[in-house]
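Trainee: Under the numbering used here, the first residue of the sequence shown is numbered 3, with each subsequent residue one higher.
Honestly, the hints are just simulated from the structure, not real lab data. It cannot be assumed that every hint is accurate.
Said to hold, decoys possible - Capping the alpha-carbon separation at 25 Å, the derived lysine to any residue pairs in SDA-like fashion look like this:
#, residue 1, residue 2
1, LYS92, LEU55
2, LYS92, LEU179
3, LYS35, THR62
4, LYS32, LEU113
5, LYS35, LEU179
6, LYS92, LEU171
7, LYS36, ILE91
Said to hold, decoys possible - Distance ranges between label pairs, derived from CB positions:
#, residue 1, residue 2, range
8, HIS188, LEU59, 15 to 23 Å
9, THR7, LEU55, 15 to 23 Å
10, CYS31, SER138, 33 to 41 Å
11, HIS188, ASN96, 33 to 41 Å
Given the structure is predicted, the values throughout are model-derived calculations rather than measurements. Yeah, the Cβ is synthetic: ideal placement off N, Cα and C, and Gly gets one too.
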Amino acid sequence: MDLLTLILLALGLAADAFAVSLSNGMCACKITKKNALATALTFGFFQAAMPVLGYFLGCTFSDIVQQFQHWIALILLSLIGINMIWDAIKEARNPESCSNKNIFTVQNLVLQGIATSIDALAVGVSLAVMNTNILSSALVIGIITFLCCLFGVYIGRKFGSLLGLRAKLFGGFLLILIGVRIFVEHQIQL
3 MDLLTLILLA LGLAADAFAV SLSNGMCACK ITKKNALATA LTFGFFQAAM
53 PVLGYFLGCT FSDIVQQFQH WIALILLSLI GINMIWDAIK EARNPESCSN
103 KNIFTVQNLV LQGIATSIDA LAVGVSLAVM NTNILSSALV IGIITFLCCL
153 FGVYIGRKFG SLLGLRAKLF GGFLLILIGV RIFVEHQIQL
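Start from the sequences and build out the full structure, keeping to the hints where you can.
Mentor: As structure tokens, then:
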């Protein structure tokens with residue numbers, strides 16, 4: 003996978019975490035540097051760790067599915083993207099209120115980190131099938147997520163809920179386009 007595709011993939015994966023960071027920023031009564039850093043570190047860690055886990059699970063089955071890797075990437079990335087778009091639509095129809103005063107607790111951040119990184123687990127399986135260097139991929143995904151979330155908390159505080167929905171929609175469409183690109187590139191190579 004080339005660097006541009008990896009960066010686009012990382013941005014797509016970071017969209018959920020970015021949207022949650024925005025939401026945390028909008029809902030917090032007070033934001034400290036420690037809160038923003040804790041959010042970014044937690045989300046960045048889980049976004050980097052889940053593809054590694056998915057990669058090793060995918061390696062177990064890679065011989066079986068190697069011939070179908072382009073289909074797997076297309077289907078998994080498209081499903082993840084469609085799910086993100088669907089979540090954004092549901093959120094737009096039923097916006098949640100910010101009733102939780104202490105959203106930067108360790109327990110809350112860990113739960114949010116896991117919830118926003120489940121899609122990265124599936125991407126890790128795709129990366130295994132495509133025989134991608136998982137350590138560098140996970141590092142890029144983690145760093146990009148960290149940066150997006152660090153800024154997301156502050157942006158959320160400044161600009162409200164407008165960006166949260168658009169970030170999820172953009173991330174969903176981006177993941178679908180990456181899946182289509184992988185599929186088309188494989189078809190051209192044949």
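Trainee: Flag every earlier hint the structure violates by its number, smallest first.
Mentor: 1, 3, 5 and 7
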